[in-house]
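Asker: Protein chains in written order, with this note's numbering: chain A, 51 to 604; chain B, 5 to 433.
Think of the hints as simulated: they come from the structure by calculation, not from any bench. Here the structure is a predicted model, which means the values were calculated and not measured. For glycine and all other residues, C-beta sits at the position ideal for the given N, C-alpha and C. There may be inaccurate statements among the hints.
[What the hints assert, rightly or not] Within a straight-line C-alpha distance of at most 25 Å, the following computed BS3-like cross-link-like pairs (lysine-lysine) qualify:
id: 1; chain 1: B; residue 1: Lys257; chain 2: A; residue 2: Lys371
id: 2; chain 1: A; residue 1: Lys371; chain 2: B; residue 2: Lys421
id: 3; chain 1: A; residue 1: Lys190; chain 2: A; residue 2: Lys114
[What the hints assert, rightly or not] With beta-carbon atoms standing in for the labels, derived distance ranges:
id: 4; chain 1: B; residue 1: Lys255; chain 2: A; residue 2: Arg389; range: 53 to 59 Å
id: 5; chain 1: B; residue 1: His427; chain 2: A; residue 2: Thr342; range: 53 to 59 Å
id: 6; chain 1: B; residue 1: Val34; chain 2: A; residue 2: Arg257; range: 46 to 52 Å
[What the hints assert, rightly or not] One-sided excerpt, in silico: chain B residues whose CB lies under 8 Å from chain A:
id: 7; residue: Asp381
id: 8; residue: Asp383
id: 9; residue: Tyr390
id: 10; residue: Tyr395
id: 11; residue: Gly397
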Amino acid sequence: MKSICLIFQIHQPYRLRTFRFFNIGEDHQYYDDFQNRHIIRKIAERSYIPATNMLLSLIREYGKAFKVSFSISGPALEQLSQHAPDVIRGFRELAATGCVEFLAEPWSHSLASLKSKEEFTRQVIKHRDYIANQFGQTPKTFANTELIYSDNIGKDVYEMGFTTLLTEGARHVLGWKSPNFVYCNSINPKLKVLLRNFRLSDDLSFRFSNKTWTEWPLTADKYVNWLNELNSDEEVVNIVMNYETIGEQHAAETGIFDFFRHLPEAVFARSDFGFSTPSEAVKKYQTVAALTVPHPISSADEEKDITAWLGNELQDEAFGKVYEPESRVLESGDETLLRDWERLQTSDHFYYMCTKWFTDGSLHKYLNPYASPYEAFINYMNVLSDFMIRVDNSVSLPDHSEMLTEQLSSSYINPQSKSDTIIHKKPKTMAKTIATKAKPAAKKPAAKKPVAKKVAAKKPVAKTATPAKKATPVKKATPAKKAAPAKKATPAKKVVAKVAAKKPVAKKAPVAKAAPKKVVKSAVKTAVKAAPKKAAPAKKVAAKKPAVKKVVKK
Amino acid sequence: MRVLMFGWEFPPHITGGLGTACFGLTKGLVKLDASVIFVVPKAYGDEVKEGFRLVNASDVTVDLTETEQAEFWNRIQYIEAGSNLIPYVGPEEFERIITEEEKEVIDSRKQHFSRQFTFSGKYGKNLMEEVAQYALVASSIAASTKFDVIHAHDWLTYPAGISAKNISGKPLVVHVHATEFDRSGENVNQLVYDIERYGMEAADLVITVSNLTRQIVIDKYGIPEDKVFTVHNAVEPVNRPELEGVQKYVKEKIVTFLGRVTYQKGPDYFVEAAYKVLQKDPDVRFVMAGSGDLLNRMVRRVARLKMGTRFHFTGFLSGSDVDRMFAMSDVYVMPSVSEPFGISPLEAMRSNVPVVISKQSGVAEVLRHAVKVDFWDIDAMADAIYGILKYEGLRKMFVSYGKSEVDNLKWDKAAAKIMDLYHQAVNKM
Numbered sequence: 051m052k053s054i055c056l057i058f059q060i061h062q063p064y065r066l067r068t069f070r071f072f073n074i075g076e077d078h079q080y081y082d083d084f085q086n087r088h089i090i091r092k093i094a095e096r097s098y099i100p101a102t103n104m105l106l107s108l109i110r111e112y113g114k115a116f117k118v119s120f121s122i123s124g125p126a127l128e129q130l131s132q133h134a135p136d137v138i139r140g141f142r143e144l145a146a147t148g149c150v151e152f153l154a155e156p157w158s159h160s161l162a163s164l165k166s167k168e169e170f171t172r173q174v175i176k177h178r179d180y181i182a183n184q185f186g187q188t189p190k191t192f193a194n195t196e197l198i199y200s201d202n203i204g205k206d207v208y209e210m211g212f213t214t215l216l217t218e219g220a221r222h223v224l225g226w227k228s229p230n231f232v233y234c235n236s237i238n239p240k241l242k243v244l245l246r247n248f249r250l251s252d253d254l255s256f257r258f259s260n261k262t263w264t265e266w267p268l269t270a271d272k273y274v275n276w277l278n279e280l281n282s283d284e285e286v287v288n289i290v291m292n293y294e295t296i297g298e299q300h301a302a303e304t305g306i307f308d309f310f311r312h313l314p315e316a317v318f319a320r321s322d323f324g325f326s327t328p329s330e331a332v333k334k335y336q337t338v339a340a341l342t343v344p345h346p347i348s349s350a351d352e353e354k355d356i357t358a359w360l361g362n363e364l365q366d367e368a369f370g371k372v373y374e375p376e377s378r379v380l381e382s383g384d385e386t387l388l389r390d391w392e393r394l395q396t397s398d399h400f401y402y403m404c405t406k407w408f409t410d411g412s413l414h415k416y417l418n419p420y421a422s423p424y425e426a427f428i429n430y431m432n433v434l435s436d437f438m439i440r441v442d443n444s445v446s447l448p449d450h451s452e453m454l455t456e457q458l459s460s461s462y463i464n465p466q467s468k469s470d471t472i473i474h475k476k477p478k479t480m481a482k483t484i485a486t487k488a489k490p491a492a493k494k495p496a497a498k499k500p501v502a503k504k505v506a507a508k509k510p511v512a513k514t515a516t517p518a519k520k521a522t523p524v525k526k527a528t529p530a531k532k533a534a535p536a537k538k539a540t541p542a543k544k545v546v547a548k549v550a551a552k553k554p555v556a557k558k559a560p561v562a563k564a565a566p567k568k569v570v571k572s573a574v575k576t577a578v579k580a581a582p583k584k585a586a587p588a589k590k591v592a593a594k595k596p597a598v599k600k601v602v603k604k
Numbered sequence: 005m006r007v008l009m010f011g012w013e014f015p016p017h018i019t020g021g022l023g024t025a026c027f028g029l030t031k032g033l034v035k036l037d038a039s040v041i042f043v044v045p046k047a048y049g050d051e052v053k054e055g056f057r058l059v060n061a062s063d064v065t066v067d068l069t070e071t072e073q074a075e076f077w078n079r080i081q082y083i084e085a086g087s088n089l090i091p092y093v094g095p096e097e098f099e100r101i102i103t104e105e106e107k108e109v110i111d112s113r114k115q116h117f118s119r120q121f122t123f124s125g126k127y128g129k130n131l132m133e134e135v136a137q138y139a140l141v142a143s144s145i146a147a148s149t150k151f152d153v154i155h156a157h158d159w160l161t162y163p164a165g166i167s168a169k170n171i172s173g174k175p176l177v178v179h180v181h182a183t184e185f186d187r188s189g190e191n192v193n194q195l196v197y198d199i200e201r202y203g204m205e206a207a208d209l210v211i212t213v214s215n216l217t218r219q220i221v222i223d224k225y226g227i228p229e230d231k232v233f234t235v236h237n238a239v240e241p242v243n244r245p246e247l248e249g250v251q252k253y254v255k256e257k258i259v260t261f262l263g264r265v266t267y268q269k270g271p272d273y274f275v276e277a278a279y280k281v282l283q284k285d286p287d288v289r290f291v292m293a294g295s296g297d298l299l300n301r302m303v304r305r306v307a308r309l310k311m312g313t314r315f316h317f318t319g320f321l322s323g324s325d326v327d328r329m330f331a332m333s334d335v336y337v338m339p340s341v342s343e344p345f346g347i348s349p350l351e352a353m354r355s356n357v358p359v360v361i362s363k364q365s366g367v368a369e370v371l372r373h374a375v376k377v378d379f380w381d382i383d384a385m386a387d388a389i390y391g392i393l394k395y396e397g398l399r400k401m402f403v404s405y406g407k408s409e410v411d412n413l414k415w416d417k418a419a420a421k422i423m424d425l426y427h428q429a430v431n432k433m
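When you get a sec, could you build the whole thing from the sequences and use the hints?
Answerer: In structure tokens, the structure reads:
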């Protein structure tokens, strides 16, 4: 039997409020709370809630035969919990049916995969653990922000423990090939790659309610006919769209709900297709070929590349700047700082700065708070300037380690994140970061001396530690768990020293050894435990739960 | 296509954007094989004449016996403009004009009998009288010249256009560069308004320099929509290698306002925005170039805000000084309250200067690579200025796209559109 993978994506950014330059340094409230809440509520009522109810009733009706999957970004999850807990409750119900797979993605819908492997990994792990905690299933399938994918990203994702990945069936990559098969990563064939069928997906997400479209009105029966018209060899059709497609992009009166309500019936009655989740699909079907994607692709626009977010001067400056303080943010151990940094990485901010669609911008103006890319840039840079001042201040705080002793129990000042930070960077950028770090140190000698030392200490690590990535977590897991909070608060220098000490061990452990699945998995698991707090000890998670529940009850 | 065109000024004798626009447009038309007879009152003799005939209206003898013209003369003879509403004139010039004109009024009356008029060619106190006389002259030019279409620029020449149409029976196109609402806000001079409306109604086609102006023509003058067409202004491409080495004598970044210091141009918003920026970053200099009736008020305001050492006034600039000012600027701001088009941002962009323009300007309709703010939104204006000064990416973006965007706004294109409209008008007859 052939499969349809029906995958819904949900993302809502934290839109920035109008933040003038005279707010820089004085005001740290960045978000347009009213607007964000309003949008979440509106979409929840028009789309998320009725759509979820519909899916629940379909699953009840068809049992295990009807399946769907979700990829929900961190900012969307957070904002829904805050403003529309009923939606989250609906997702829990969906999760409980066993017919729904939740995918992992970078926490803040960021473009970290294109910039920093460490941050990318940190965000993916954070998201995976959040999903596991919220919905009781650990994601096995990964879908990057806007389905961005390249061979290297695939390799990184496999190293995080994922075996299935979803990306765009970009025509310029596929050529004559069909998206309706299981492919694999060209560097590591163990990673299965599923491709979005953009024609059949966009028929629903873009064209469904367009009355000038020759195929309007689109019925479930007609849609199934199209599925039947596919080449008989083709096995898996991945229909991927924003969840808002149902009810928001196409309002209820367009008949979009009726379409989905009748889809399973039509599929079962009139085709040899069934419904699968991505991780089921890759088990069912043979991998047909490796997919070579040297340059990143995405699901955006006609080009299916990353030029919607990066490429013009505005985007490049903003994107470059937001990653400059990476290590300092992580070292600061300041939760709000980290939170804001994650939110500033959200891809939407760069999307608003795109100048490609000066001519036809209808799609891109959707929920875009800015009249022009220039306004988007100026506003973002004002916020970022303020953020940078906070980073500088937090790093120069002499006694912050004391203040944060408790939080550090699952510390950001942990050897792994540090060594990784440096490893990934190319020599040039590394030199730059070091230079920028050294500068403030020179300016405020008293407070910052230690920082300068740290940098010095890191250098050798960076040069040699490449193979260490996988091996280190295993080692670290133990000390991290056992060490009492008090000990962890000790100056970062020591921690670095530890890493240095571990280095030789790490080197000896070659990549090949880490390759067998089990080893990798366990390594990653321990890494998860050792690393950032979201990933962290069960204790913490437990502590968080009641809070969430309270919100839900409200 | 032979065009009889009525203007009021022509480079190098210009007091506003009208002359520059007429010149660019005429050049564009000539390239399309049109022959243009451009009538200006009082040609000085040193105007640029590139392939078209410039007729000095003062040289034309008028025959007053033609009854129709006498009637026309009677109709508008008594119209006199309130002097505070004279367009495009700064206060010092205005004062000078008034004293000069007082003598000239007597002269022209004398000449009235000798049936030849001397035009001052400057906007002045007896503007209305000159407008009327110009109309009279127009009819005699129209009677003695062959042409296919009449093109009149702004209200000053509408009566001339109308009388030429009446004499020749040829179609009339009036070109609205500004309306009385742009010049005077809501307190319009009824006489000027009436002439404008009369001209638009008599015209076969109305051309506006922006959709903003088009809407005003439709809403406030009651002109049918299908008769009004927008043709955006353009800018002459220039290459001035001598400006490459323009020296900036201060190390601070320079933010410039350039234009008449009048209500319409919104200079006060620029001053307030400057204050906001300087509070955050004192290492910026602001320059207000130009003069006008609000200049003294601006100087006082700057003094009161105690930013005199950072905010400079240059007075009226012309010709190469304007280009030099642009070359020294890091940001150009046009906070106009109401601007039918506004060509100066294009000149700034041509010199690779990023611009902040008000949404209430026609030029905002054609520019993408500019920051657009509401004229009253001082915070947004200050923020845009600050952003351009501080964030390198923004400046780079403007440099890489701004100039090419402006270079694409060619008079040739505008002229081609107008040529189509000429044909449309001729076929309508």
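Asker: Output the numbers, in ascending order, of every earlier hint that fails for this structure.
Answerer: 2, 4, 7
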